[in-house]
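Visitor: Put together the whole structure using the sequences plus the hints.
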Amino acid sequence: MKGPDLTWYLAVAAFLFAIGALGVMLRRSPLIVLLSLEIMLNGANLALITFSRHHGQLDGQVFALAVMAVAASEVVVGLGLIVAVNRRKLELDVDKLSTLRG
Amino acid sequence: MGNVVVWFVWFVAAFACLGSGAAVVSFSNPFYSALALIGNLGSLAVLYLLLSAEFVAAAQVLVYAGAVMVMFLFVIAYLGRHADAPWAGGPSWQVLSAVAAAGALMIEIIVVIGLKASGRLSDAPDVASSFGSPREVGKLFLTDHLLAFEITSIVLLAAAVGGVVLGSHARDEAEAQ
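So the sequence lines, in the order shown, correspond to chains V and P. Counting from 1, position 9 in the first sequence corresponds to residue 9 in the working numbering; the numbering is continuous, with no gaps. Whatever position you read off the second sequence (first residue = 1), add 102 for the working numbering.
In short, the hints are calculated from the structure, not lab data. Honestly, I wouldn't trust all of these hints.
To be verified - The list that follows gives simulated cross-link-like pairs (lysine to aspartate or glutamate, EDC-like), each with its CA atoms no further than 16 Å apart:
1. LYS241/P x GLU156/P
2. LYS241/P x GLU252/P
3. LYS241/P x ASP59/V
4. LYS96/V x ASP186/P
5. LYS2/V x ASP225/P
6. LYS2/V x ASP228/P
Claimed, not checked - Not everything, but these chain V residues come out facing chain P in the computed CB check (under 10 Å):
7. PRO4
8. LEU10
9. VAL12
10. LEU16
11. LEU26
12. ASP59
13. LEU65
14. GLU74
15. GLY80
16. ILE82
17. LEU97
These numbers were taken from a predicted model, which means no experiment stands behind them. In this text, a Cβ means the ideal position worked out from N, Cα and C, and glycines have one as well.
Guide: Dropping the structure here:
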């Protein structure tokens, strides 16, 4: 295989996952929490595809495609919730949305 | 010569990927964050191509950069740009502990991967040029992973119905007020 070892790809995947986790923990806007979740899912996808190349089998890529579909559905529901919260004139801040009925 | 080119492409794509990921987390304007995420997804697609996952790279660009990000940008344009500034006002204990927790998570992942697979990761097998082509992936999807394929379609249907239900409830309440 030409270019860098698979270890380097896994290092990028670990970094991406950590950056996404940082965004989920740090940010208060639910929109950016969703964007950071996408980064975490993509870090996991990169690791899946790297291991798929390592074993020389395609099952990891199939799983990465399934993860992509799940991520798309998660975005649909998450954005629907954000729009619904905004329609009720609540503040878009995950620290302040702490009651279920209110 | 080819080796140097692959290293160079990897270097540019990996650093664009990490830099735009950090930009998504740090911008206070969600519009810029979403644009940085598009750059992140594009450079990840380049990394997928280097790992000979052509079909996944194409799906990444089509599904994520094409569909998901358009939805994100529409919602951000609808909601206006109000978001928190993550690094404003000096380091609070929340920011410091979030950074420490994310760093601990990364070290944990790297240590676990290093313990489990470090010696064997450097030798990737030679694969045929059809590895990762739509034909091979599709064959696997419709034989070995048929159940996962069908469950994926149900998950997408449930998400579509959920989006419609959430949207229509929101409209009822907005009209009631």
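Visitor: Hint by hint, note whether the structure agrees.
Guide: Hints, one by one, checked against the model:
Proximity of LYS241/P to GLU156/P is assessed by CA-CA distance (about 15 Å); at most 16 Å being required, the pair is judged to hold. At roughly 14 Å between alpha-carbon atoms, LYS241/P and GLU252/P fall within 16 Å of each other, so this suggested pair holds. At roughly 11 Å between alpha-carbon atoms, LYS241/P and ASP59/V fall within 16 Å of each other, so this suggested pair holds. Between LYS96/V and ASP186/P the CA atoms are separated by roughly 13 Å; this keeps the pair inside 16 Å, and the hint holds.
For the hint linking LYS2/V to ASP225/P, the alpha-carbon distance of about 11 Å falls within 16 Å, and the restraint holds. Between the alpha carbons of LYS2/V and ASP228/P the distance comes to roughly 10 Å, so the proposed pair stays at or under 16 Å and holds. A hinted interface residue such as PRO4/V counts as satisfied when its beta carbon comes closer than 10 Å to some beta carbon of chain P; here the least separation is about 5 Å, so the hint holds. Because the beta carbon of LEU10/V sits about 6 Å from the nearest beta carbon in chain P, less than 10 Å, this interface hint is met.
Using the Cβ-Cβ criterion of 10 Å, the hint placing VAL12/V at the interface with chain P is satisfied: the shortest such distance is roughly 5 Å. Evaluation of the LEU16/V hint against chain P yields a held restraint, the C-beta minimum of about 6 Å falling below 10 Å. Against a cut-off of 10 Å between C-beta atoms, the interface hint on LEU26/V holds, since the closest Cβ of chain P lies about 4 Å away. Checking ASP59/V against chain P by beta carbon gives a least distance of about 7 Å; that is within 10 Å, so the hint holds.
For LEU65/V, the interface hint holds, since its Cβ comes within 10 Å of a Cβ in chain P; the closest pair sits about 6 Å apart. Restraint check, GLU74/V versus chain P: the minimum CB separation of about 8 Å is within 10 Å; hint holds. With a least beta-carbon distance of about 3 Å to chain P, the hint placing GLY80/V at the interface is held under the 10 Å criterion. Checking ILE82/V against chain P by beta carbon gives a least distance of about 7 Å; that is within 10 Å, so the hint holds.
The closest approach between the C-beta of LEU97/V and any C-beta of chain P is roughly 14 Å, which is over the 10 Å cut-off, so the hint fails.
Figure legend: structure checked against the earlier numbered hints; the only hint not met is number 17.
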